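Undergrad: Assemble the whole structure, with the sequences as input and the hints as a guide.
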Amino acid sequence: MAEAADSQGTTTSPARRWLRRTATLLVGAPLLAGLLTGPAALPAQAVTDKTPSGSRTVAVSLDTLSPSAPAEGDTLTVSGTLTNKGKKTVTDAEVDLLVGPRLSGRTAVDDSAARTGYLPGTDPAPLGDPYTLKVPELASGVSQDFTLAVPVDKLGLGEEGVYQLGVSLTGQTSDARYDQVLGIQRTFLPWQPEDTGSKTKLTFLWPLIASAHVTAETGSDEQQTPVFADDDLALELAPGGRLEQMVSLGSGLPVTWVIDPDLLASVDAMTKNYRVKTGDTTVAGTNQAIAKQWLTSLQSAVKDATVVALPFADPDLASIAHRGKNVSGTLSHLQTATEVAGTTVETILHVKPSTDFAWPVDGAIDPSVVDVATSAGAHKVIARSDSLEESGGLSYTPTAARPVGGGTTAVVADHRLSTAFQGDMAKAGSSTLAVQKFLAQTLALTEQAPDKERSILVAPQRTPTAAQAQTMARALQALKDERWTQPLDLVAAAEEKPDARATTKVPKASAYPKKLRGQELPTQAFQDIRTTQDSLNSFQVILTQPDRVVTPFGNAVNRAVSTSWRGSPLEAQRYRDAVRTYLQSLTSEVQLITKSDVTLSGRSATIPVTVQNKLVQGIDHLVLRLTSSNATRLKLNDGGAVAEQPVRIAGGHSQSVKFDASANANGQAQVTARLFTQDGTPYGEEMSFTVKVSEVTPTVLLVIAGGLLLLVLAGIRMYTQRKRAAAGDTAENDGGEPEQPSDPTPDTGPESGNPSGTGEKVDR
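In the working numbering, each residue carries its 1-based index in the sequence shown increased by 1.
No lab work stands behind these hints: they were computed from the structure.
This one's a predicted model, so the numbers in the text were calculated from it and none came from an experiment.
Hints are not guaranteed to be accurate.
When the alpha-carbon atoms are kept at most 27 Å apart in a straight line, the in silico BS3-like pairs for lysine-lysine are as follows [claimed, not checked]:
(1) 353 with 202
(2) 135 with 89
(3) 278 with 293
(4) 596 with 615
(5) 636 with 615
TA: Structure (structure tokens):
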């Protein structure tokens, strides 16, 4: 410590420093008296002026505090940054460490964290020499790093508990030539000099959840190459990315992994051939190596850990409960998403997950949310304590597990601990404060009832940033020695004996947070999904390989109700529209070829209608129905107005379906053709064409036959006469070879290459 003291400077004598501090108090006495007289004594400028002044002049950032929870014999090292936010240069300053009294209870920790400025008489005196750092000058806008190192036994800590720890900068400015506190930052120092044997069981959820990236589209190849909307998932999987950090940090921590199976399925698809949409086309994905490495790391991380699988795509349970459950088919999607969850996780990670947990957004519940959460088979709901407020006047935080009726257990996460790592943790100062406050709250919680062992759950935000994940990992690393906590997985936490005094009443629907309700998917979203599902149901029944369509579209429907759409209503709408549009494009690949008008010359004929299948796979179980608008004039098949023929076509082919027709009278008849599934559901658009009937009578046929007979007889007579004439000419010739007549000039023109008329001639 001698070296530390030398580096921090000791040029001012203790007597001189005492006189200077006394003068500071005397000069500041009138100001303090004014503050104590009440708000009326403050000028208006003090409220409206945003220029940093007083203890806000210099921003003090506590970037590191090591160790986070010191033990006897340790040396506490505090480092950070000083930044002069004022307009004047700070001179003759020093950085001091302030150790406050022991805080009593969790509320005291919250109150202390809420304070910002320096308040004489409330804030403790500085630790003083030799544990100070001299700052001769700090110009406006300039930052300077600092480090203080103090043996723990010099901090004046007493019994076990949470102590307030502060770092202040005391100095002068050109317009205030007296010592004053120009900047201060507070944090907490959890202190447990010896193991008391009282521990809190701590369950920490480690979520692996991401937004949807896979579309409903697949390639036409045998492997059905998946198509991604973008390649952004690779950024999260790459070294330093959010999901890579979650896996690398979580692998060494006592956590319960909470995984969305859709994320695993998406990454698994990336390990093979995949395509990425770019405008109206797709390009080959190139991040197979990144995806493989991430999956390999995750498989290793969860090998001996507890894994909880959420329903596929992490459906928004509250949106379903409040906006979707009355739309037919919605709950069946949730059932399907739950059924595939366990299989997906086990197939990819080779561990058997628990699928018995539902996790509503922010743990907010009401009776309808609980009903929906458990409708797919889950018996345990992850709630949060700000949703189930304690009403029994408990002086301590109760155990997380508690029965809420109907065989359902609510595992209630602690609100303070679960929200401790929100915000911008990329700043070292913010991260350090979050870690220290988390540790302080866990120790204060343990001290509430030292003789009552309790189980506490921490359910952080669903998609922590990389910086938030790093901060959470630092906090858990500080607890690894199990001094006042011990780890417990979620499955075991749900089986803990409930506290008899803890509330088990699920709040009313009116108590559900308005902010969360405003982020829910609208009812129209579920109606859109129902329309898509209805189209899919009609489409799949005609396919010879329905799984090639049902699986990707079923997954896409699940993604359409994902919790990840909260706060992004336009993106959610675009995704649903894209799924519906693509399905429509597939169903339109099976269609009737437009037919021109037909001329029917005679009593009966065959009318062909062409069905085209542009799909890769074959179609079956379709019926083509032809309907005559005038059965008196034009009858189909057995003499009725309607005729049907089954349709079965291989992929990439067309089929001409023929119908027998008979006419009774001249004129026109409108005919409608339409495809139907075998259960009678219309498929695609109908097609209409006109049949022109021109009936030929028996009398006309006799006249035509007589005319043909006369023409034949006349031809025979002409041939006989010409033959006789040729024979006479030969007899008159003097013995030469008879002359052969040349071929007659054809009486028909060459075949025309022009298209036929608009009418389609149908032969009998």
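Undergrad: Take the hints in turn and mark each one as holding or not.
TA: Hints, one by one, checked against the model:
Restraint check for residue 353 and residue 202: satisfied, since their Cα atoms lie roughly 24 Å apart, inside the 27 Å limit. Taking the CA atoms of residue 135 and residue 89, the gap is about 18 Å. The hint holds against a cut of 27 Å. Under the criterion of a C-alpha separation no larger than 27 Å, the hint pairing residue 278 with residue 293 is consistent with the structure, at around 21 Å. A hinted pair counts as satisfied when its Cα atoms are at most 27 Å apart, and residue 596 with residue 615 qualifies at roughly 18 Å.
With a C-alpha separation of about 32 Å, the suggested pair residue 636 and residue 615 falls outside the 27 Å cut-off, and the hint is violated.
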